[in-house]
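Asker: Working from the sequences, and respecting the hints, build out all of it.
Residue numbers (the working numbering): 217 to 641.
Just so you know, not all the hints are guaranteed correct.
In silico DSS-like pairs for lysine-lysine, Cα to Cα no more than 25 angstroms straight-line [said to hold, decoys possible]: (1) LYS272 / LYS297; (2) LYS254 / LYS221; (3) LYS232 / LYS428; (4) LYS464 / LYS507; (5) LYS221 / LYS464.
If you're looking for bench data, these hints aren't it; they were derived computationally from the structure. These numbers were taken from a predicted model, which means no experiment stands behind them.
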Amino acid sequence: MLDQKLLRTDIDSVAKQLAVRGYQLDVDAFNELESQRKTLQMQTQELQSERNSKSKNIGKAKAQGEDIQPLLDEVSTLGDKLDAAKSQLDEIQDRLNDILMSMPNLPHESVPAGLSEEDNVEIRKWGEPTQLNFEPKDHVELGTPRQWLDFEMAAKLTGSRFVVMNGDMARLHRALIQFMLDLHTSEHGYQEVYVPYMVNSDSLRGTGQLPKFEEDLFGLTGDSGYYLIPTAEVPVTNLARDEIIDDKQMPVRYTCHTPCFRSEAGSYGRDTRGMIRQHQFEKVEMVQLVKPEDSWQALEELTGHAENVLQKLELPYRVMALCAGDMGFSAAKTYDLEVWLPGQQAYREISSCSNFVDFQARRMSARWRNSETGKPELLHTLNGSGLAIGRTLVAILENYQQEDGSIRIPDVLLKYMGGVERLLP
RNA sequence: AGAGAGGUGUCCGAGUGGUUGAAGGAGCACGCCUGGAAAGUGUGUAUACCGAAAGGUAUCGAGGGUUCGAAUCCCUUCCUCUCUGCCA
217 MLDQKLLRTD IDSVAKQLAV RGYQLDVDAF NELESQRKTL QMQTQELQSE
267 RNSKSKNIGK AKAQGEDIQP LLDEVSTLGD KLDAAKSQLD EIQDRLNDIL
317 MSMPNLPHES VPAGLSEEDN VEIRKWGEPT QLNFEPKDHV ELGTPRQWLD
367 FEMAAKLTGS RFVVMNGDMA RLHRALIQFM LDLHTSEHGY QEVYVPYMVN
417 SDSLRGTGQL PKFEEDLFGL TGDSGYYLIP TAEVPVTNLA RDEIIDDKQM
467 PVRYTCHTPC FRSEAGSYGR DTRGMIRQHQ FEKVEMVQLV KPEDSWQALE
517 ELTGHAENVL QKLELPYRVM ALCAGDMGFS AAKTYDLEVW LPGQQAYREI
567 SSCSNFVDFQ ARRMSARWRN SETGKPELLH TLNGSGLAIG RTLVAILENY
617 QQEDGSIRIP DVLLKYMGGV ERLLP
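Answerer: Pasting the structure below:
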């Protein structure tokens, strides 16, 4: 959510910045609602003030044993007027709030202009695309003959866009999770957390998935109103919802492994092959809660932490700065890490690291106590994948494949593999 | 799932219809005291919105209702705790 003060004082520049990411703000409509709100709010408050003071007088008079009937008559019509004003005000405020909750974040000045992924900018590159002296297979060709990956079985159990993994492949998948969690906790200063995989709608509003993107989520039937989490970002960032964090505890760094559930509405036909785009996948997430002045530095560090995972796995990648139009709803700036996939001869997204500045914090009232002012102030939130497990597995299969169809296990994973050094066909 | 008890400010906790935005305490800030600190002591200390300010309005889990007036009464709902049941 954007700062309402900013919208009141400088809506034109807000509209201009939002236009950069392809969002058209109806300035006139907003201003009209805003001025109605102001008038109605003043009216309502005056009526309330009148009612309060008169009611107090009635209290006093009664205490002194005076006749209160004349006073009661005086107030008799006030209630109706007040109710009318209030309900009008509520309606206007609901409408304003809907607009406010549907407005995306302002892109940071350093974000490249542009409306599609064509306009994303490569920031740096690590390693060179893996050279194989034979025709590379993709992860489906590598994984399915031995049922390491079994998409048909998953389709029987559930439907499309799910996978069953068997044997050492399932173990390698688990090893990746352990490796990433251990790396973030032991070298990058994150605290591991375990959280619910279902959340309520307040949490989803807090991080920005609701109200606009409900079709991307799996909601539960029954009357709980719960949703399966699309990312650990939701429960982990919401740990700070309605909290005031002591500045001595800042920055807060959480890492968390969870499954993620996404309906992938609107991506029918995209990435239908293999496990690039699944309804259920695992991810190790990093979340940071920082003081506002530290958040841009934190974004660089957090991105570095995600990069370190790829470097330790010796997977070639590049860092892309997303252009304004390609960023997620809540982000002020996003770096995507794209890993090289020999099977596709392309770089594919494997991590997304964003600074949300105070956008999520304002939605969820996540604050820190500034010891200089003594006041609670909005903090800044960041998160990044570190990394998406399924896609990392794909990258390992494709980059570590041997001519005989076996898969070498990356050195850093060996200690999690119980003596398995190679997946043999 | 059944029975009971609760949800109040940064925290603990009082408050069962009227001058209560809310006693008291802790914490925190500033001052006094001290060679310095602790102790002691004085003052201050919620958030949001409107307003140049004075001031006003809202907020005592959430939503609704009764009333001139609700933290306080009624209804609904969520959550926590205790006991019983069930269960990995």
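Asker: Against this structure, judge whether each hint is valid.
Answerer: Here's how the hints hold up against the structure:
1. Only pairs whose Cα atoms come within 25 angstroms are accepted, and LYS272 paired with LYS297 is accepted, the gap being roughly 19 angstroms.
2. With a C-alpha separation of about 13 angstroms, the suggested pairing of LYS254 with LYS221 holds against the 25 angstroms cut-off.
3. For the suggested pair LYS232 and LYS428, the alpha carbons sit about 21 angstroms apart, so the restraint of at most 25 angstroms is met.
4. For a cut-off of 25 angstroms, the pair hint linking LYS464 to LYS507 stands: about 11 angstroms separates their Cα positions.
5. As the CA atoms of LYS221 and LYS464 are separated by approximately 29 angstroms, the hinted pair breaks the 25 angstroms bound.
In the structure shown, a violation is registered for the earlier hint numbered 5 alone.
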